[in-house]
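Participant: In case you want the letters, here they are:
4 protein chains.
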Amino acid sequence: MTILKRFGVSLPGDLLARFDNEIEQKGYQNRSEALRDLIRDYLVKRDLDKNEEVVGVLNLVYGHHVPNLSAKLNDIQHDHYHNILSNVHIHLDHHNCLEVIIIKGRYSEIKQLSDRIIGTRGVKHGELSFNSTGKNLSGV
Amino acid sequence: MTILKRFGVSLPGDLLARFDNEIEQKGYQNRSEALRDLIRDYLVKRDLDKNEEVVGVLNLVYGHHVPNLSAKLNDIQHDHYHNILSNVHIHLDHHNCLEVIIIKGRYSEIKQLSDRIIGTRGVKHGELSFNSTGKNLSGV
Amino acid sequence: MTILKRFGVSLPGDLLARFDNEIEQKGYQNRSEALRDLIRDYLVKRDLDKNEEVVGVLNLVYGHHVPNLSAKLNDIQHDHYHNILSNVHIHLDHHNCLEVIIIKGRYSEIKQLSDRIIGTRGVKHGELSFNSTGKNLSGV
Amino acid sequence: MTILKRFGVSLPGDLLARFDNEIEQKGYQNRSEALRDLIRDYLVKRDLDKNEEVVGVLNLVYGHHVPNLSAKLNDIQHDHYHNILSNVHIHLDHHNCLEVIIIKGRYSEIKQLSDRIIGTRGVKHGELSFNSTGKNLSGV
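Quick note, the sequences are listed as chains A, B, C and D, same order. Numbering follows the numbering used here, in which position 38 of the first sequence is assigned residue number 114; successive positions increment by one, without gaps. Numbering follows the numbering used here, in which position 45 of the second sequence is assigned residue number 121; successive positions increment by one, without gaps. Numbering follows the numbering used here, in which position 63 of the third sequence is assigned residue number 139; successive positions increment by one, without gaps. Numbering follows the numbering used here, in which position 37 of the fourth sequence is assigned residue number 113; successive positions increment by one, without gaps.
Just chain A, with the same shape it has in the complex:
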């Protein structure tokens, strides 16, 4: 069970007024809810800066007619199978595949593995994003 703790914050009146206005527009129910989100975003950034264990989501687009590409991408992933949580493949059209590879590890490991995958001949374009593993990010 999550135990909520309550504490006081002091903010300049005009800053608070503008914050209230913005979070209302965004649909937040109250200040605590909005502040929790800001705090979690901050903690995720800190995890990345400190090279903690995080989750990386790599997306790739490649042509499915490129000879051996799929096999090469598989080989690289098997070298790191303990880091790879999952792999989704989508047939975008007759020629193009989207592959999303979900990786767990330290920021630096994930970055290195992604660079290797994106650099494989035949991969058209790849982008990597990150998230927390969820630990210490209590979700209320």
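Derived from the structure by calculation, the hints contain no laboratory data. Mixed in with the good hints, there may be bad ones.
Identical copies go unnamed one by one, so any copy, or any two together, can satisfy a pair.
[To be verified] No more than 20 angstroms apart at the CA atoms, straight line, and that leaves these computed lysine to any residue pairs for SDA-like: (1) Lys121 with Asn212; (2) Lys102 with Lys187; (3) Lys187 with Phe206; (4) Lys148 with Asn212; (5) Lys148 with Lys187; (6) Lys126 with Leu114; (7) Lys121 with Gly181; (8) Lys187 with Leu149; (9) Lys211 with Ile194; (10) Lys121 with Asp96; (11) Lys126 with Lys187; (12) Lys180 with Asp169; (13) Lys121 with Gln101; (14) Lys126 with Arg94; (15) Lys187 with Asp96; (16) Lys81 with His167; (17) Lys81 with Arg197; (18) Lys180 with His170; (19) Lys126 with Ile194; (20) Lys187 with Arg107; (21) Lys102 with Gln188; (22) Lys211 with Glu129; (23) Lys121 with Gly195; (24) Lys180 with His158; (25) Lys102 with Ser184; (26) Lys180 with Asn163; (27) Lys102 with Asp151; (28) Lys81 with His154; (29) Lys148 with Asp125.
Chain A is fixed; fit chains B, C and D onto it per the hints.
Facilitator: Showing chains B, C and D alone in chain A's frame:
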């Protein structure tokens, strides 16, 4: 079949020397291969700037004990089922889920839908990245 | 005079513990100070999303031997003199100049002007960053 | 004098057609000019990745009534005077100052110094961007 076209490029000698040095370190076989990658990256950025159809990959972390969260996330996605290509769910640990939602649409549509999903109460943190649909990004 | 307002926030205990730990490492004196910073960062992002008036800081590197470049850059800036607050020029070495152009306006205006300047022949590389105009970001 | 070198590039026909179309819209005179820009952007990114010497441009907004803030910011900068190339101060309005600090050094040094400055109590918001020192980025 992909038809390769050949053309001449002129570059200052020192710029070319440094480029050659960097791409060799990165493992490229030749300049054409490296330039194709730079060109594709450029075209993906242009697609986003011009609000063309692209693929968005949204990742979310949330606690799987949050009541109704999963149902709410499903509802939002069903309102946009024609944009959502796929959905992967990973059990990160006893408490935490990672969900990756793959969305096709214009940049602005994908951004709006993602904001709504990320803003749902109980979602701890979300990140959105983009890729091309692969059209006009010939993959050789 | 800035009037401070005080209000209560409730946070899951584990989230609060981790937040306290991180902000102490960062040198914050107390939670209010750290939360004010997070709130201001959030408001600056909202200003950009909503195309409000902001400050853009554009930096350029170019070779100072390129004929007419300086004149061309000046011409573009004079077309937008009401947006340009200041301009700093630094002689990086015998060949290279850094120019920092400080621009006030809506996000979209600043972006368009920057693209035009960066695209001028002879500009080696340019980067644009943003800040608030400081209004509604009370600084305590 | 800059010596231009000429070499051949091969590209899939459809990729080349789309590239030509995009760079024409952007106002480039020819492919070489556009490719030079892409190559320079790539080299700047490599400089940052490899922690080479670069130029950082830090912008800050702060309230000019905050006691001792200006003195504190000066003190920090004097500790690093050999890294700081220049400093511009702009009076945004009756209350707000924009300060742009131009820093030369390795990426990691600049990042650390910026974090310290941004973290100073009274600074409302700061953003850091980077550029090359211009060496090895021949500007034709």
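Participant: Determine for every hint whether it applies to the structure shown.
Facilitator: Hint check results:
When the C-alpha separation of Lys121 and Asn212 is checked against a cutoff of 20 angstroms, the pair qualifies only within one copy, where the shortest distance is 13 angstroms, while the shortest distance between copies is 25 angstroms. Within a single copy, Lys102 and Lys187 get their C-alpha atoms only as close as 33 angstroms, which misses the 20 angstroms cut-off; across copies the closest is 14 angstroms, which meets it. Taking identical chains as interchangeable, the C-alpha atoms of Lys187 and Phe206 lie at most 20 angstroms apart whether they share a chain (10 angstroms) or sit on different chains (17 angstroms). In this assembly of identical chains, the alpha carbons of Lys148 and Asn212 never lie at most 20 angstroms apart, being 37 angstroms within a copy and 23 angstroms across copies at closest.
In this assembly of identical chains, the alpha carbons of Lys148 and Lys187 lie at most 20 angstroms apart only when taken from the same copy (18 angstroms versus 33 angstroms across copies). In this assembly of identical chains, the alpha carbons of Lys126 and Leu114 lie at most 20 angstroms apart whether taken from the same copy (18 angstroms) or from different copies (19 angstroms). With identical chains, the CA atoms of Lys121 and Gly181 are at most 20 angstroms apart within one copy only, with a shortest distance of 15 angstroms there and 24 angstroms across copies. Within a single copy, Lys187 and Leu149 get their C-alpha atoms as close as 16 angstroms, which meets the 20 angstroms cut-off; across copies the closest is 29 angstroms, which misses it.
Taking the closest pair of Cα atoms, Lys211 and Ile194 come within 20 angstroms of each other only across two copies (18 angstroms); inside a single copy the shortest separation is 29 angstroms, beyond that limit. With identical chains, the CA atoms of Lys121 and Asp96 are at most 20 angstroms apart between copies only, with a shortest distance of 15 angstroms across copies and 24 angstroms within one. For the homomeric pair Lys126 and Lys187, the shortest alpha-carbon distances inside one copy (14 angstroms) and between copies (14 angstroms) are both at most 20 angstroms. Within a single copy, Lys180 and Asp169 get their C-alpha atoms only as close as 29 angstroms, which misses the 20 angstroms cut-off; across copies the closest is 12 angstroms, which meets it.
In this assembly of identical chains, the alpha carbons of Lys121 and Gln101 lie at most 20 angstroms apart only when taken from different copies (14 angstroms versus 25 angstroms within one copy). In this assembly of identical chains, Lys126 and Arg94 lie within 20 angstroms of each other by CA distance solely across copies; the values are 14 angstroms between and 32 angstroms within a copy. Taking CA atoms no more than 20 angstroms apart as the test, Lys187 paired with Asp96 passes in neither setting, with 38 angstroms inside one copy and 23 angstroms between copies. With identical chains, the CA atoms of Lys81 and His167 are never at most 20 angstroms apart, being 48 angstroms at best within one copy and 27 angstroms at best between copies.
Taking CA atoms no more than 20 angstroms apart as the test, Lys81 paired with Arg197 passes between copies only; the shortest distance there is 18 angstroms, against 52 angstroms inside one copy. In this assembly of identical chains, Lys180 and His170 lie within 20 angstroms of each other by CA distance solely across copies; the values are 16 angstroms between and 31 angstroms within a copy. Only between protomers do Lys126 and Ile194 lie at most 20 angstroms apart by alpha-carbon distance; the minimum there is 18 angstroms, versus 24 angstroms within a single protomer. With identical chains, the CA atoms of Lys187 and Arg107 are never at most 20 angstroms apart, being 35 angstroms at best within one copy and 24 angstroms at best between copies.
In this assembly of identical chains, Lys102 and Gln188 lie within 20 angstroms of each other by CA distance solely across copies; the values are 11 angstroms between and 36 angstroms within a copy. Only within a single protomer do Lys211 and Glu129 lie at most 20 angstroms apart by alpha-carbon distance; the minimum there is 10 angstroms, versus 35 angstroms between protomers. Taking the shortest alpha-carbon separations for Lys121 and Gly195, only the inter-copy value of 16 angstroms comes in at or below 20 angstroms, while the best intra-copy value is 26 angstroms. When the C-alpha separation of Lys180 and His158 is checked against a cutoff of 20 angstroms, the pair qualifies only within one copy, where the shortest distance is 8 angstroms, while the shortest distance between copies is 30 angstroms.
Taking the closest pair of Cα atoms, Lys102 and Ser184 come within 20 angstroms of each other only across two copies (17 angstroms); inside a single copy the shortest separation is 34 angstroms, beyond that limit. In this homomeric assembly, Lys180 and Asn163 come within 20 angstroms of each other (Cα to Cα) both inside a single copy, at 12 angstroms, and across copies, at 18 angstroms. Within a single copy, Lys102 and Asp151 get their C-alpha atoms only as close as 44 angstroms, which misses the 20 angstroms cut-off; across copies the closest is 19 angstroms, which meets it. For the homomeric pair Lys81 and His154, neither the shortest alpha-carbon distance inside one copy (44 angstroms) nor that between copies (36 angstroms) is at most 20 angstroms.
Taking CA atoms no more than 20 angstroms apart as the test, Lys148 paired with Asp125 passes in neither setting, with 31 angstroms inside one copy and 26 angstroms between copies.
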